[in-house]
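If you want the building blocks of each chain, they are given just below.
4 protein chains.
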Amino acid sequence: MKLIARRRDEQQETTAVRVGDVIIGGPELVVVAGPCAIESYEQLLSTALEIKRLGATMLRGGAYKPRTSPYSFRGKGELGLEMLSRIKELTGLPVVTEVMDARDIERIADVADMFQIGSRNMQNYTLLSELGKTKRPVLLKRGLAATLEEWIYAAEYIMSEGNDQVVLCERGIRTFETYTRNTVDITAIPALKELTHLPVFLDPSHGTGRWSLVSPVALAGVAAGADGLMIEVHPQPELALSDGKQSLNFEHFADLMDKLSPVAKAVGRKLI
Amino acid sequence: MKLIARRRDEQQETTAVRVGDVIIGGPELVVVAGPCAIESYEQLLSTALEIKRLGATMLRGGAYKPRTSPYSFRGKGELGLEMLSRIKELTGLPVVTEVMDARDIERIADVADMFQIGSRNMQNYTLLSELGKTKRPVLLKRGLAATLEEWIYAAEYIMSEGNDQVVLCERGIRTFETYTRNTVDITAIPALKELTHLPVFLDPSHGTGRWSLVSPVALAGVAAGADGLMIEVHPQPELALSDGKQSLNFEHFADLMDKLSPVAKAVGRKLI
Amino acid sequence: MKLIARRRDEQQETTAVRVGDVIIGGPELVVVAGPCAIESYEQLLSTALEIKRLGATMLRGGAYKPRTSPYSFRGKGELGLEMLSRIKELTGLPVVTEVMDARDIERIADVADMFQIGSRNMQNYTLLSELGKTKRPVLLKRGLAATLEEWIYAAEYIMSEGNDQVVLCERGIRTFETYTRNTVDITAIPALKELTHLPVFLDPSHGTGRWSLVSPVALAGVAAGADGLMIEVHPQPELALSDGKQSLNFEHFADLMDKLSPVAKAVGRKLI
Amino acid sequence: MKLIARRRDEQQETTAVRVGDVIIGGPELVVVAGPCAIESYEQLLSTALEIKRLGATMLRGGAYKPRTSPYSFRGKGELGLEMLSRIKELTGLPVVTEVMDARDIERIADVADMFQIGSRNMQNYTLLSELGKTKRPVLLKRGLAATLEEWIYAAEYIMSEGNDQVVLCERGIRTFETYTRNTVDITAIPALKELTHLPVFLDPSHGTGRWSLVSPVALAGVAAGADGLMIEVHPQPELALSDGKQSLNFEHFADLMDKLSPVAKAVGRKLI
Numbered sequence: 017m018k019l020i021a022r023r024r025d026e027q028q029e030t031t032a033v034r035v036g037d038v039i040i041g042g043p044e045l046v047v048v049a050g051p052c053a054i055e056s057y058e059q060l061l062s063t064a065l066e067i068k069r070l071g072a073t074m075l076r077g078g079a080y081k082p083r084t085s086p087y088s089f090r091g092k093g094e095l096g097l098e099m100l101s102r103i104k105e106l107t108g109l110p111v112v113t114e115v116m117d118a119r120d121i122e123r124i125a126d127v128a129d130m131f132q133i134g135s136r137n138m139q140n141y142t143l144l145s146e147l148g149k150t151k152r153p154v155l156l157k158r159g160l161a162a163t164l165e166e167w168i169y170a171a172e173y174i175m176s177e178g179n180d181q182v183v184l185c186e187r188g189i190r191t192f193e194t195y196t197r198n199t200v201d202i203t204a205i206p207a208l209k210e211l212t213h214l215p216v217f218l219d220p221s222h223g224t225g226r227w228s229l230v231s232p233v234a235l236a237g238v239a240a241g242a243d244g245l246m247i248e249v250h251p252q253p254e255l256a257l258s259d260g261k262q263s264l265n266f267e268h269f270a271d272l273m274d275k276l277s278p279v280a281k282a283v284g285r286k287l288i
Numbered sequence: 017m018k019l020i021a022r023r024r025d026e027q028q029e030t031t032a033v034r035v036g037d038v039i040i041g042g043p044e045l046v047v048v049a050g051p052c053a054i055e056s057y058e059q060l061l062s063t064a065l066e067i068k069r070l071g072a073t074m075l076r077g078g079a080y081k082p083r084t085s086p087y088s089f090r091g092k093g094e095l096g097l098e099m100l101s102r103i104k105e106l107t108g109l110p111v112v113t114e115v116m117d118a119r120d121i122e123r124i125a126d127v128a129d130m131f132q133i134g135s136r137n138m139q140n141y142t143l144l145s146e147l148g149k150t151k152r153p154v155l156l157k158r159g160l161a162a163t164l165e166e167w168i169y170a171a172e173y174i175m176s177e178g179n180d181q182v183v184l185c186e187r188g189i190r191t192f193e194t195y196t197r198n199t200v201d202i203t204a205i206p207a208l209k210e211l212t213h214l215p216v217f218l219d220p221s222h223g224t225g226r227w228s229l230v231s232p233v234a235l236a237g238v239a240a241g242a243d244g245l246m247i248e249v250h251p252q253p254e255l256a257l258s259d260g261k262q263s264l265n266f267e268h269f270a271d272l273m274d275k276l277s278p279v280a281k282a283v284g285r286k287l288i
Numbered sequence: 017m018k019l020i021a022r023r024r025d026e027q028q029e030t031t032a033v034r035v036g037d038v039i040i041g042g043p044e045l046v047v048v049a050g051p052c053a054i055e056s057y058e059q060l061l062s063t064a065l066e067i068k069r070l071g072a073t074m075l076r077g078g079a080y081k082p083r084t085s086p087y088s089f090r091g092k093g094e095l096g097l098e099m100l101s102r103i104k105e106l107t108g109l110p111v112v113t114e115v116m117d118a119r120d121i122e123r124i125a126d127v128a129d130m131f132q133i134g135s136r137n138m139q140n141y142t143l144l145s146e147l148g149k150t151k152r153p154v155l156l157k158r159g160l161a162a163t164l165e166e167w168i169y170a171a172e173y174i175m176s177e178g179n180d181q182v183v184l185c186e187r188g189i190r191t192f193e194t195y196t197r198n199t200v201d202i203t204a205i206p207a208l209k210e211l212t213h214l215p216v217f218l219d220p221s222h223g224t225g226r227w228s229l230v231s232p233v234a235l236a237g238v239a240a241g242a243d244g245l246m247i248e249v250h251p252q253p254e255l256a257l258s259d260g261k262q263s264l265n266f267e268h269f270a271d272l273m274d275k276l277s278p279v280a281k282a283v284g285r286k287l288i
Numbered sequence: 017m018k019l020i021a022r023r024r025d026e027q028q029e030t031t032a033v034r035v036g037d038v039i040i041g042g043p044e045l046v047v048v049a050g051p052c053a054i055e056s057y058e059q060l061l062s063t064a065l066e067i068k069r070l071g072a073t074m075l076r077g078g079a080y081k082p083r084t085s086p087y088s089f090r091g092k093g094e095l096g097l098e099m100l101s102r103i104k105e106l107t108g109l110p111v112v113t114e115v116m117d118a119r120d121i122e123r124i125a126d127v128a129d130m131f132q133i134g135s136r137n138m139q140n141y142t143l144l145s146e147l148g149k150t151k152r153p154v155l156l157k158r159g160l161a162a163t164l165e166e167w168i169y170a171a172e173y174i175m176s177e178g179n180d181q182v183v184l185c186e187r188g189i190r191t192f193e194t195y196t197r198n199t200v201d202i203t204a205i206p207a208l209k210e211l212t213h214l215p216v217f218l219d220p221s222h223g224t225g226r227w228s229l230v231s232p233v234a235l236a237g238v239a240a241g242a243d244g245l246m247i248e249v250h251p252q253p254e255l256a257l258s259d260g261k262q263s264l265n266f267e268h269f270a271d272l273m274d275k276l277s278p279v280a281k282a283v284g285r286k287l288i
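Residue numbers (the working numbering), protein chains in the order written: chain A, 17 to 288; chain B, 17 to 288; chain C, 17 to 288; chain D, 17 to 288.
Hints listed in this document are in silico derivations from the structure and should not be mistaken for laboratory results.
Predicted model only: the values in this text are computed from it and were never measured.
Just to be clear, a hint being listed does not mean it is correct.
For identical chains, the list gives no copy identity; a pair is met inside one copy or between any two copies.
[As the list claims (entries may be wrong)] Below, computed lysine-lysine pairings styled on BS3-like, alpha-carbon distance capped at 27 Å: (1) 281 with 18; (2) 275 with 286; (3) 261 with 281; (4) 68 with 149; (5) 151 with 261; (6) 286 with 261; (7) 149 with 275; (8) 18 with 275; (9) 151 with 275; (10) 261 with 18.
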């Protein structure tokens with residue numbers, strides 16, 4: 017049986033995934049930015065205003081955070097969702113946030129324009145199926161040792177329930193290399209374009225784990241054909257409660273946006 | 017903070033995990049056997065009777081099966097649980113079965129003496145926490161690219177909720193080697209013995225993916241200090257609905273049990 | 017002790033490696049192209065003329081080929097070197113070719129402007145040291161499971177003998193992913209720029225193993241900051257004696273060169 | 017074409033490899049022990065006498081050492097060979113030592129009963145071919161990211177030159193796990209027994225990188241069917257010039273030999 021996600025021959029164009037007014041998979045390159053975790057109203061607001069000013073068109077921010085240790089900061093939860101809701105209203109930016117538990121879907125759906133499935137849950141099949149039943153867009157991150165085939169099957173769990181609004185997000189895989197947090201599989205971008213009709217994102221923040229490498233790898237992603245980028249931005253990365261090492265500050269994010277534009281143009285895309 | 021799972025210095029002995037009458041982590045080597053998936057009452061019954069006759073002391077069998085493709089056989093569900101319940105009564109064997117969704121916990125708890133967390137859900141933190149709130153033993157399989165440290169933290173998610181009845185089960189990690197389904201990390205067994213006070217199992221069936229390799233790798237696990245083994249057994253592996261290639265038939269399982277006994281003895285363990 | 021290869025703080029600029037008239041590590045992006053293995057005079061000549069016409073500035077071609085099986089085609093040997101010599105004279109293109117044995121160095125040095133060390137020999141220390149004693153440039157490919165650190169140490173084996181003309185060439189590492197031949201570690205490019213002052217190349221042909229993915233990954237490499245590319249080109253890839261699947265034909269190579277120019281410009285580089 | 021190394025169907029028995037009086041691949045388990053690197057006459061002599069007393073039947077010791085950094089201790093060279101020669105005469109133990117350069121073969125052949133090819137040179141094809149032309153036994157270690165298939169092909173490079181005296185030595189592969197130096201692929205032992213007729217060794221010292229894990233993994237190797245073990249032993253591991261962390265002192269080696277005997281017996285092998 018031909019998977020819904022793989023019907024590339026029947027569908028030449030990339031599926032358009034609509035998140036508020038933003039269209040993912042069209043000619044425009046979509047930049048999603050924001051903090052790893054929502055820490056405070058001020059942190060989220062200042063970041064949202066700044067990334068919007070610099071050209072990002074969607075806001076990310078985690079309210080529920082999967083953490084390796086149960087004793088780490090695990091997010092603001094409902095309070096975080098409320099902050100997200102108010103800032104979305106203020107800025108008009110559509111928001112994407114992670115869901116880890118099928119029981120949180122409704123609550124998160126009140127705020128989020130797009131659900132995010134993190135790497136650790138890429139094969140949490142009950143969660144995928146439940147998201148398939150909503151018609152809300154899903155950003156599906158690659159599992160840290162998932163093959164392209166397994167990843168496409170994970171998308172199929174969502175799509176086979178009737179939801180075709182799926183974006184695949186490469187975020188690096190686990191290898192023996194220790195200088196970087198993960199190894200970005202840049203080839204996954206054109207490979208997925210051959211294998212599926214779904215839009216493909218790149219997250220160079222998790223992919224590299226070092227802020228100094230985020231910008232060149234983001235440019236590489238665009239050159240390789242990514243439909244969008246997901247970038248961690250924090251007002252003061254050195255004080256972040258999670259993933260500070262891989263977050264850009266405002267100045268570095270501005271610098272990235274400056275560099276993105278000509279590369280996008282060079283491969284026939286434009287920033288909005 | 018010292019993790020509960022790692023208080024090896026305060027606790028010299030391996031934690032005893034009690035599953036029905038079976039004690040895991042004591043001087044006796046525990047063999048859990050049964051089919052990958054429950055396919056029919058007859059299949060499960062004949063397997064249960066045979067493995068019991070040959071010396072296994074616990075029965076495994078999946079009612080809810082995580083499968084890469086949504087179109088594969090995903091288990092008998094509640095019907096499977098009913099079969100498990102009847103056969104448990106008939107044979108007296110305690111049973112372990114996989115839970116993939118927090119909403120199934122109660123239903124599975126009516127039948128299972130031990131919950132199994134599969135590789136794909138090793139970092140499904142909401143599921144781990146919910147199992148922590150039950151006091152039922154948990155067999156926690158290693159994620160397919162999980163470090164020892166991440167695995168121990170996953171156990172801590174269960175233990176920090178008050179449930180110390182956790183068994184770690186090595187089942188192979190993902191590497192570049194393609195001859196085997198996974199690469200058994202045999203060193204994980206003594207390494208976990210240094211790092212934690214939890215009992216450690218080996219699953220050579222998933223670890224190797226080839227029935228002909230199950231037996232030598234099982235012996236290796238015992239020699240390396242495993243507290244128990246988890247072995248897939250099927251009356252007719254060539255007809256199995258899942259994992260047939262790695263399942264032993266009755267004759268091969270009998271042969272394995274014959275070989276296990278002297279190796280267990282050689283390292284100071286005994287079969288029951 | 018600070019490695020010679022890592023004296024980034026003392027040396028802000030990338031080391032200029034001179035191969036004939038070509039400067040690697042300067043503002044110009046260098047494209048090296050040619051067949052995996054030299055098969056015949058006609059094959060090499062037609063390829064050399066075509067890649068030159070399309071803007072490549074160096075010719076590659078293997079006379080001595082490391083092959084997994086001793087029974088595979090292992091190159092034309094000295095005959096291949098002679099062809100390389102004649103075609104170099106005819107076209108004026110500097111040439112790079114692989115050396116696998118210290119005893120071949122002199123013979124190859126008569127023809128080659130640059131030595132190539134392949135992945136399998138990245139830690140062949142006697143070979144590295146011998147090349148260090150020549151002052152000829154060396155293209156050092158990454159070992160298939162080498163960390164960045166080990167790779168830099170391999171360069172140090174050459175440099176510590178007095179030869180600073182070393183170019184590092186990323187060609188993909190080995191991971192669990194099977195859709196591609198190797199996994200291109202795109203982040204290695206900016207990471208090496210942080211860690212060393214040596215020029216960095218990308219070989220998207222070996223990196224991906226599929227011709228259809230070579231072009232987008234080549235563009236990604238340029239966007240990430242590579243100083244050059246190494247591309248396998250063959251007049252009729254479907255008839256190639258080695259690596260046909262990953263070789264571009266002339267039409268596809270022309271298409272790549274067309275796309276390269278704007279991306280190079282977007283990141284402040286130019287094609288010659 | 018059927019590889020010479022894989023003619024398992026034509027040859028039921030494991031190839032007997034003869035090193036002095038020692039037969040590898042027969043009913044007896046062979047233990048090779050000694051220091052990673054030869055550091056002094058006293059160090060090598062005391063180790064040789066002690067391992068012999070405890071039941072090892074071959075001596076290992078590196079005179080030429082491949083080291084990641086060119087500035088690390090790279091072995092005593094010819095002086096080391098002389099020491100090896102004198103101690104071989106004194107103790108009667110056959111010796112195995114590493115060769116890294118085809119130009120050293122003759123010199124090493126004067127002393128060594130068996131050549132060792134290290135991981136970094138597993139695909140150094142010119143070296144393999146040259147060793148094939150000698151009729152001296154070769155211990156061929158697995159490359160750190162070599163598949164079983166590539167490893168068998170490497171053996172074929174030796175065998176196709178007429179030398180069938182090859183022993184394959186598993187020494188761990190490179191994975192994401194950082195607690196251990198490498199990941200021992202224990203399944204490789206029975207897998208190679210299916211695929212080839214060559215004897216198989218395990219090196220748990222390099223495989224684990226931690227002395228405390230050497231003993232349980234050595235026992236696992238024997239239980240899995242290894243024909244022999246290669247163990248690093250040093251009079252004072254804390255003072256060793258290389259690999260001290262993974263070397264056993266005499267007491268720990270004695271303890272391992274005590275434990276080996278019953279496990280060997282349990283799988284139908286005996287120590288000499």
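Among all the numbered hints in the text so far, which are the ones the structure does not match? 1, 3, 4, 5, 6, 7, 8, 9
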